[in-house]
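Enquirer: Sequence:
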Amino acid sequence: MKRSDFRRSRKKPKRKRYWIGAGIIALFMAVNGFTNGHSSDNKDKSHKVALKDNKKSAEKVSKKKLASKLVEKKKEDTSKKKTNSISDQRKKINDEIRKSLDESKGFALGELDENGQPTENGTPNLAFAWSVVIKRIEYNENKHVDVYVNSGFKDFTDNEKSKVALMAQNKAVLFVGEAEKFTMDQYKKGIITFIHCDNDNVGRSHYTEPKIFKWN
Numbered sequence: 001m002k003r004s005d006f007r008r009s010r011k012k013p014k015r016k017r018y019w020i021g022a023g024i025i026a027l028f029m030a031v032n033g034f035t036n037g038h039s040s041d042n043k044d045k046s047h048k049v050a051l052k053d054n055k056k057s058a059e060k061v062s063k064k065k066l067a068s069k070l071v072e073k074k075k076e077d078t079s080k081k082k083t084n085s086i087s088d089q090r091k092k093i094n095d096e097i098r099k100s101l102d103e104s105k106g107f108a109l110g111e112l113d114e115n116g117q118p119t120e121n122g123t124p125n126l127a128f129a130w131s132v133v134i135k136r137i138e139y140n141e142n143k144h145v146d147v148y149v150n151s152g153f154k155d156f157t158d159n160e161k162s163k164v165a166l167m168a169q170n171k172a173v174l175f176v177g178e179a180e181k182f183t184m185d186q187y188k189k190g191i192i193t194f195i196h197c198d199n200d201n202v203g204r205s206h207y208t209e210p211k212i213f214k215w216n
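End of the sequence shown = 216 in the numbering used here, gap-free, step of one.
One should not assume that every hint holds.
Stated by the list, open to error - In silico PhoX-like cross-links for lysine-lysine, where the CA-CA straight-line distance does not exceed 20 Å:
1. 105 to 135
2. 188 to 214
3. 189 to 214
4. 75 to 63
5. 91 to 181
6. 143 to 211
7. 163 to 135
8. 65 to 55
9. 135 to 92
10. 143 to 91
11. 64 to 75
12. 188 to 211
13. 163 to 105
14. 74 to 143
15. 163 to 181
16. 143 to 189
17. 211 to 189
18. 181 to 92
19. 163 to 188
20. 63 to 52
21. 135 to 99
22. 74 to 64
23. 92 to 163
24. 52 to 64
25. 75 to 65
In case anyone wonders, no lab produced these hints; they're calculated from the structure. None of the values given here were measured: they were computed from a predicted structure.
Whole structure, please, built from the sequences with the hints as guidance.
Expert: Structure below.
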């Protein structure tokens, strides 16, 4: 065998090993690339799922907040309507009390006849004399009665003051009871009443027995 042939025969295994090694490396890289690609796909899918879940959670929270706001708004509207309704009712009650008090003063001064019609020659009715010292009677938001009297009220005895205050309270009870559907016991019990004179609180009824008065 020639030396050159011998050398070529010895080089062939090296080339073979080289191609085998290159093939292994290529296979490794291909497998590794596939694995990385597959892993990347999984990560993308997981990321998309996470984003979708987050979006759903955000939508749920948003819907809950909206529902909560709507409920609160409805409560506020209901409360406002109720408050306005109560206020309107109280105004109506006080208007009726004012008209009735004016009528009582007309009878007391002889300015109205027995039918409530204006007259120039009427006779003063002493049964309504108590009303002359009353400026106004109001049913307030606390469901109490405020009676405002003129300065002449201070000259009365405590017994006279109590009689005037009770007549004023009874007039208020008449219209409050009609509007609020009082029972007979509520009519009999009366309403807690405060008496005001010259910007001072000069007396009030007992809390447990509203028809009994205490004077300062």
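Enquirer: For a quick check of understanding: which of the numbered hints are violated here, in increasing order?
Expert: 14, 15 and 23
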